[in-house]
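For the record, the sequence lines run as chains W and U. Counting in the UniProt record's numbering, the first sequence tops out at residue 446, every number present. Counting in the UniProt record's numbering, the second sequence tops out at residue 446, every number present.
Just to be clear, a hint being listed does not mean it is correct.
All copies of an identical chain are treated as equivalent in the list; a pair is satisfied when it fits inside any one copy or across any two copies.
For lysine-lysine, the following DSBU-like pairs were computed, each having C-alpha atoms within a straight-line distance of at most 35 Å [what the hints assert, rightly or not]:
#1 405 - 319
#2 364 - 242
#3 376 - 126
#4 364 - 44
#5 44 - 126
Calculated directly from the structure, the hints in this document are not laboratory data.
There are 2 protein chains.
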Amino acid sequence: MGGGVSRLITLCFVCFQEPPQQILFHIHKYKYEFHVIIVGHCTKVPRNSNLENLRSGYLFPEISRHESEHLRRNPDASLIRLGIGDTTQPIPDTITLAMAEQVRGLSTIQGYRGYGAEQGNMPLRKAIAGKFYQDMGIKANEIFVSDGAQCDISRLQMLLGSNVTVAVQDPSFPAYIDSSVLVGQAGELEEETGKYGNIIYMNCGPENDFFPDLSTIPRTDIIFLCSPNNPTGHAASWQQLKQLVAFAKANGSIIVHDSAYAAYIRDGSPRSIFAIPGAKEVAIEISSFSKFAGFTGVRLGWTVVPEELLYSNGFPVIKDFNRIVCTCFNGASNIAQAGGLACLSTDGYQDLCKVIDYYMENAKILVDGFTSLGWKVYGGKNAPYIWVHFPGMSSWNVFAEILKKTNIVTIPGRGFGPAGEEYIRVSAFGQRQITLEALRRLNSFL
Amino acid sequence: MGGGVSRLITLCFVCFQEPPQQILFHIHKYKYEFHVIIVGHCTKVPRNSNLENLRSGYLFPEISRHESEHLRRNPDASLIRLGIGDTTQPIPDTITLAMAEQVRGLSTIQGYRGYGAEQGNMPLRKAIAGKFYQDMGIKANEIFVSDGAQCDISRLQMLLGSNVTVAVQDPSFPAYIDSSVLVGQAGELEEETGKYGNIIYMNCGPENDFFPDLSTIPRTDIIFLCSPNNPTGHAASWQQLKQLVAFAKANGSIIVHDSAYAAYIRDGSPRSIFAIPGAKEVAIEISSFSKFAGFTGVRLGWTVVPEELLYSNGFPVIKDFNRIVCTCFNGASNIAQAGGLACLSTDGYQDLCKVIDYYMENAKILVDGFTSLGWKVYGGKNAPYIWVHFPGMSSWNVFAEILKKTNIVTIPGRGFGPAGEEYIRVSAFGQRQITLEALRRLNSFL
């Protein structure tokens, strides 16, 4: 008995981009495109309904696709990328020398290393605890080294499973919601609002200082909070984080605090949720070397799961996270880990602070530039992102217009959630002269 | 209202190892251990029932734990590790030089790279397609570069979701079943058989040439097959893989073929499932640089998802896998990828073949040694693992006895599944003189 139709022309209500050798009858959830599929052999394996429930493309690859499409149409365009928050400045020598030494050691009997601990090498875990969590009572064994924050968000969702309720900031980094959909927490996508039915969207705009008004937020099991926020650039204040920890404690919630941009904080706001007393009983923190050390391509991050954090049945969350890390992960690259350790040396850290200062000078230039052009600008003071308001306008239209007229890639705020409409996110990562050139182009356009 | 009890002494029916600062009342599923927990604050977040359903420790960290415990009791023991299949030989210079050059380039404006494509750098994807899939019709865009096979198994399970049925070889690499439990496919663990109720265990022993008797296997959505097999060392023959592909096609199943040890095949058996005509419509292949190139600590692998592979509704699996990779992963380290490319250069590949030959000479020594000691030995001819039969004996007991009497770490076959009882797995990774010393010790013990 055959496993499906063979070489038949059939109509297929499915959703994807131009498949080679196949013509698809394709109904997109938003747009209508029509193809005919020639099916060779269909398995009888059902498609995961969680994936069916997911918006068709993850935001950042979608932006790259728009960028490529623009370049295809305008092959001579001199593109400026202020879209995806990708680091551009060289990694200080101190750090790459340490990695190169580790690499070359792998060619020697003495220096060769195979599998490391899934949780990360202990010297690195200790260095992270010492550098970022001093006086917060976080121990090295509570730090799990990862290959980056985005990867750990998914592992965390695998840990949590489908039976938890979730709140996210709106707007927010799209991985929280997308991974939530992937594990089946999110409910149905409501087309008119653009929101998933089971997710609580915590509005963050100028009206509430970009921090959720907790008096209006229902209890959820999990609260994702990103500070400094991506995309708005807002760093939660001591007062705001204290409120959040008290709110989580009263509700029996777990905060998942994303501090990937903590190194950019300038105004004394807390760089870790664990700076707040009591946070160890209610919070997990995800963080990264990507933006702190220019490791976007090197891949290194960490997650803190305190021993004090317990499920409703008293079982420690750290035991389950450890099990997930050991089963679904095999440790970060030992080369990246050697680099991470060098980042936290006195010299490495000082050198990195200079790179961060450089990006923050770009941020100031962008903030001042947009402001002088008459636009209302947020962020850029404690984060490498500028959040620009275009009242009454569609963010995808603003994005498209800027790209078309100035060859500058930004990110439409709508990509970060419904509350991102009317905004675009502009990245301060980049060479100084390119940032200045971007402003010149925007000056003549806006 | 508080989120849970505070500083109360309470009894907790949960399961874990000695928690610091906490004493637990602990009922293990198999053993009974009693503790008292002092609970500070319990959140109201329910523990994921899939994690509750999982055996307490992942096999390999459990083995490491036994190893450490043995060393703690016998601090002067000269331990030989033939347990976890961890590479030991230096990586050829050609490869580490390429990585070191990539690393040092990151300190220059010209050589700096941030985020790469989530799917991997195209030159590496092309090189993998050219080196391993020539004449099989696998295209570079069907190859997804990963940070290792174990990590991709979990991402694949996230793709498949909880509503598919799964068959695994028994014995098999434990990540298939454990990740299956994590996403909720497995059903309940039956204590007497040690099997999960919803998983089909395909017995693989000497009676069926270590390959499932497909006439006795019910249809499942997914069939995990590892060849050369970990732990038995059996490489599926052309005939066996052809049968499997036909079986999957007739049943509308998807084969997940793990070829992490393909480079060790010596007898002309297929090194890829895609060497079998028609496999592209029914199979995914997971593979790795770990054992091929000594990259266990460097972290690099790949997964092949052919465009022809379709769900029951005609939707291409590759589109969903791409979405998972973009959402849950951010690409393998660009340093590891530079190394991967060097592995596939003419010189790099030749150098690696010598390292593989070295391990396979160890394997031969072990096979001959155990055989001359009168034990029935399988594997070791197309894989770096020896599968030794101890009829009528408990594999955990054999493991413990060998460790106690000879200070040699092996792996108890039972850790790979119920059909692994009476066996131990011995790894051929190691220095020659250590392999020889292991045999001397075993000689006087067995």
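The hints, checked one at a time:
1. 405 - 319: between (53 Å within a copy, 32 Å between copies)
2. 364 - 242: For residue 364 and residue 242, only the intra-copy Cα distance (29 Å) is at most 35 Å; the inter-copy one is 64 Å.
3. 376 - 126: neither (43 Å within a copy, 47 Å between copies)
4. 364 - 44: Neither: 56 Å inside a chain and 43 Å across chains, both beyond 35 Å.
5. 44 - 126: Between copies only: 31 Å across chains, 49 Å inside a chain, cut-off 35 Å.
Violated hints for the displayed structure, listed by number in ascending order: 3 and 4.
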